Amino acid sequence: MRRPEDRHYSEEEVLLFVMGDAAAETGAEMSAHLEKCRECRSVWEEYSALVKSIGRWKIPSPSEESWQGRKATLLAQFREDRDWVKRKGVFWYLRWSVVKTWDYAMENPLPTMGYVAAALAFASERTITVFRLDWILPATGEVIKILRQVL
Amino acid sequence: MTSAASDEELVEGTLGGDEHAFTQLFDRYRNPVYSTVYRIIQNTEEAQDATQEIFIKLYRSLSVWKREKAKFSTWLYRLAANHAIDCWRARRRRAESQISGETGDGDFVESPLGEAIRSPYQEVAGREEVDEIRRCVDFLPELQKRVFVLRYFNELKLEEIADLEECSLGTVKTSLFRATQTIRKALRRYRGAR
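Going down the list, the sequences are from chains A and B. Per this note's numbering, the first sequence starts with residue 1, numbered consecutively. Per this note's numbering, the second sequence starts with residue 1, numbered consecutively.
Hints listed in this document are in silico derivations from the structure and should not be mistaken for laboratory results. Misleading hints may appear alongside valid ones.
As the list claims (entries may be wrong) - Some chain A residues close to chain B (C-beta under 8 Å, calculated; not the full set):
id	residue
1	60
2	62
3	66
4	68
5	78
6	82
Stated by the list, open to error - Cut-off 25 Å, straight-line C-alpha distance, at most; resulting in silico cross-link-like pairs (DMTMM-like, lysine to aspartate or glutamate):
id	chain 1	residue 1	chain 2	residue 2
7	A	36	A	11
8	A	71	B	138
9	B	69	B	159
10	B	69	B	142
11	B	66	B	129
12	B	57	B	19
13	A	100	B	132
14	A	52	A	29
15	A	58	B	132
16	B	71	B	45
17	B	157	A	81
18	A	100	B	129
19	A	71	B	9
20	B	57	A	83
21	B	157	A	83
22	B	66	A	35
23	A	71	B	166
24	A	52	B	19
25	B	69	B	132
26	A	71	B	8
27	B	71	A	29
28	B	57	A	81
29	A	71	B	7
30	B	157	A	11
31	B	185	B	166
32	A	52	A	64
33	B	71	A	35
34	A	52	B	129
35	A	58	B	53
36	A	100	B	45
37	A	58	B	19
38	B	66	B	45
39	A	100	B	18
40	B	66	B	46
Here the structure is a predicted model, which means the values were calculated and not measured. Built from N, CA and C at the ideal position, the CB exists for glycine as well.
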């Protein structure tokens, strides 16, 4: 671990200390160092003053009336969007569920592969009797054999 | 829904189409969002327009917010900062094309955000320094500008900013330091010139 008197602190470290973003351990070390080191203390004083100056940047507040006007406009837009969603119908939701499923698959590839494998195994075994997957796609039979062994 | 409803409850309500929940979200966050946007755009009217647009974006993308990834306020400030940067960029492009059309070689070119810079700040102590800070922030690179505003004025933690920006903590620290350095240097020059 570094001893406080080993070296001066960098300006970046001093800034983080001033902003309260230094790690607790570093902060304690730095406090001790600043007691002794004039050079670092002057940097600290400069950054403290600078952070205060930045904090003086106030902004003009819009009037309450103006906010109320904005809120009314927003609300009208909100209602319009909400009602539009209600009018979307079954195809929109179908598309939406495909997109969501795809998103899920991209985010969770392993579970998705598991689900697909289980579905394929199930379909080849029971569900699809007329159009068995391994009849439609020759390679599917091999895949299913492997899946059976794995599962 | 009571006025003390949590952000999560209000989000749920808004997603369910409850307009009261949505207006409560607006009332709760309009000021911090506006102040984030204003510090990037530096124009009252445009900042209000942008705030309104951000709330429209907000409810259209609320379903994307993942509570386990970020607090609602943190996510919203990031949305606000991004939108503000887009507005600022568009504004700068407009201003630059106007300037290039209107001024000849060697003319003095004022900041494209001149209107904002000229607007009054009389009540603030050391207002000229504050103006200098505003001028500097306007010319900061985009990442530095976002990090600067989110850290100094929205008081997000550096780790939160790193998560939102999808960059390392070191990058955030460096951006914050560089932004502060730029302002420090400008203030030094300014004080030296007085």
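Legend entry - Hinted pair residue 71(A) and residue 9(B), Cα distance within 25 Å: 20 Å, holds
Inset, instruction - Tell me if residue 68(A) is really an interface residue toward chain B, meaning its C-beta lies closer than 8 Å to one of theirs. - result: 10 Å, violated
Legend entry - 25 Å limit on alpha-carbon distance, applied to hinted pair residue 52(A) and residue 64(A): 29 Å, violated
Inset, instruction - For the pair supplied as a hint, residue 52(A) and residue 129(B), confirm whether the alpha-carbon distance does not exceed 25 Å. - result: It holds: about 11 Å lies between the C-alpha atoms, which stays within 25 Å.
Inset, instruction - Could you grab the alpha-carbon distance between residue 58(A) and residue 19(B) and see if it respects the 25 Å cut-off? - result: This hinted pair is violated, its Cα atoms lying about 32 Å apart.
Inset, instruction - With a cut-off of 25 Å on the C-alpha distance, tell me whether residue 71(A) and residue 166(B) pass. - result: The hint is violated at about 32 Å.
Inset, instruction - Return the status of the interface hint for residue 82(A): holds when the least beta-carbon distance to chain B is below 8 Å, violated otherwise. - result: 5 Å, holds
Inset, instruction - Take the C-alpha atoms of residue 100(A) and residue 129(B), compute the straight-line distance between them, and say whether it is at most 25 Å. - result: 51 Å, violated
Inset, instruction - With a cut-off of 25 Å on the C-alpha distance, tell me whether residue 157(B) and residue 81(A) pass. - result: 34 Å, violated
Legend entry - Distance restraint between residue 71(B) and residue 29(A), which requires alpha-carbon spacing of 25 Å or less: Violated - the C-alpha atoms of residue 29(A) and residue 71(B) are around 32 Å apart, more than 25 Å.
Legend entry - Hint consistency between residue 36(A) and residue 11(A) [alpha-carbon to alpha-carbon, up to 25 Å]: 17 Å, holds
Inset, instruction - Sort out whether residue 46(B) lies within 25 Å of residue 66(B), counting only the CA atoms. - result: At roughly 29 Å apart (the allowed maximum being 25 Å), residue 46(B) and residue 66(B) break the hint.
Checked against the numbered hints given earlier, the structure breaks hints 4, 8, 11, 13, 16, 17, 18, 21, 22, 23, 24, 25, 27, 31, 32, 33, 36, 37, 38 and 40 and satisfies all the rest.
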